[in-house]
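Chains as they are written, first to last, in full-length UniProt numbering: chain A, 1 to 126; chain B, 1 to 363.
Among these hints, one or two may not hold up.
In the DSS-like style, the derived pairs of lysine-lysine whose C-alpha atoms are separated by at most 27 Å in a straight line are [said to hold, decoys possible]:
no. : chain 1 : residue 1 : chain 2 : residue 2
1   : A       : Lys64     : B       : Lys140
2   : A       : Lys64     : B       : Lys359
3   : A       : Lys86     : B       : Lys326
Read the hints as simulated data drawn from the structure, not as lab findings.
Predicted model, so just to flag it, every value in this text is computed and none were measured.
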Amino acid sequence: MNFPAELKYTKDHEWIKLVDGNTAIVGITEFAQGELGDIVYVDITTIGKNVEANEVFGTVEAVKTVSDLFLPVTATILEVNPILEKQPELVNSDPYGEGWMVKITVSNPADLDGLLTADAYSQLVG
Amino acid sequence: MKSTPFTQKHIALGAKMAAFAGYNMPISYSGINDEHATVRNNAGVFDVSHMGEFMLKGPKALDLIQRVTTNDASKLSNGKAQYSCLTNTTGGIVDDLIVYCIEENNVYMLVVNASNIEKDWNWIQQFNTEGVEMHNISDKTCLLAIQGPNASKMLQPLTDVDILNLKYYTFVKGTFAGVDNVLISATGYTGAGGVEIYFEDANGAADKIWDAIFAAGGPQGLKPIGLGARDTLRLEMGYCLYGNDIDDTTSPLEGGLGWITKLNKETSFTAKEILESQKAAGISRKLVGFEMVDRGIPRHDYQIKNAAGEVIGKVTSGTQAPSLNKAVGLGYVETSQAAIGTEIFVDIRNTPVKAKVVKFPFV
């Protein structure tokens, strides 16, 4: 399974990547999408809101199951990946690329240091 | 946890496995949407060997079946099958099942849900006061459902009996893939057509049949299918799932199973009087199909509300329907809110999401 080294991970199977200053994108890992199966809806109800680390920022619906999404670090939710409205299956096919879920403004970029590295995460799900 | 004779094949094929009714069963292989489409458009194979089978034999076998089930099994002749349900004494459903007439007035097979094998057996036994010979053959009986518009065509070369023209809810016994005494039934839980085959796993029959089916159908796109797609396929058809849509507390009239509840049959059956009075007085709740108008996916046990925010029922099954690209569900609502077109609201994570009552099957 693929866990890119440039991302940081949580034990709840989200990844986060700083893209520009305090701006980051968040998605779920390849492991998570495989466990969920075919994803049919990404429901984000927190746009514009400030969400604490480890709090729920939305839910992901697969055909057979629904799962909460937890924010890796405290941040403000800026936007939802607009492609997912029509093509939620991108979370399955490209979880670290086109299947990203939300763009956020991280309150304190140093918080990312406390998250799991790719190595640590791959051992967790290994 | 129990295995079926096909469990190692599922694992070798890379299926996602999970415990279901005490069996280690395949949930999906290539993905539920892909498997669902395969069955709707072509053909797929389900291992449903976890299902229970009882043989009932003797001159009083029909009488016993008539006393514990709602449908009229006296209408069955050799080679015919019937969907029915076992009712308890309070009008609820012990299980839904298929009754196969192997030999009229003498030999019948009941096919029951895996999770209810013991409950059903004990239930029927307590009414078996006239010495009907009962055999629980569940453990040694394999059941494969080969479903889809092209299923029978792919299988026909494996047998001399005519399965292409087998009528819905009829069956034949014959040699299949070199295995004798295989019961081939034009039934299923997908609405996609095809057959279900029952056979005893003796002398490697399970391997032989599985391999022959894939040798015949594989080149034409036949795929193994898991229980996940089995659920989405049945839900699109509005078929009830025991434990979700019907159970010990729901009556067949409430559950839309009035068509298999023959209150006029000669033999009286458990719950007959209760169901008669329900029918006379009118039922207070009813299982309906609905589709989501606004975005959201209904799930088992979500509340259903009216526009005023009052709870009027609950969801019993729901999913994003792969063939329809929309979310649909089944649920009980107050009879006054059950008319086609009624606007209802499904409570999804504390938000009421608009839906409407529609006819089912959904496809």
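Against the structure, the hints:
1. Restraint check for Lys64/A and Lys140/B: the C-alpha separation of about 30 Å exceeds 27 Å, so the hint is violated.
2. Only pairs whose Cα atoms come within 27 Å are accepted, and Lys64/A paired with Lys359/B is accepted, the gap being roughly 23 Å.
3. Between Lys86/A and Lys326/B, the direct Cα distance comes to roughly 12 Å. Compliance with the 27 Å bound is thereby established for this hinted pair.
Violated hint for the displayed structure: number 1, the only one.
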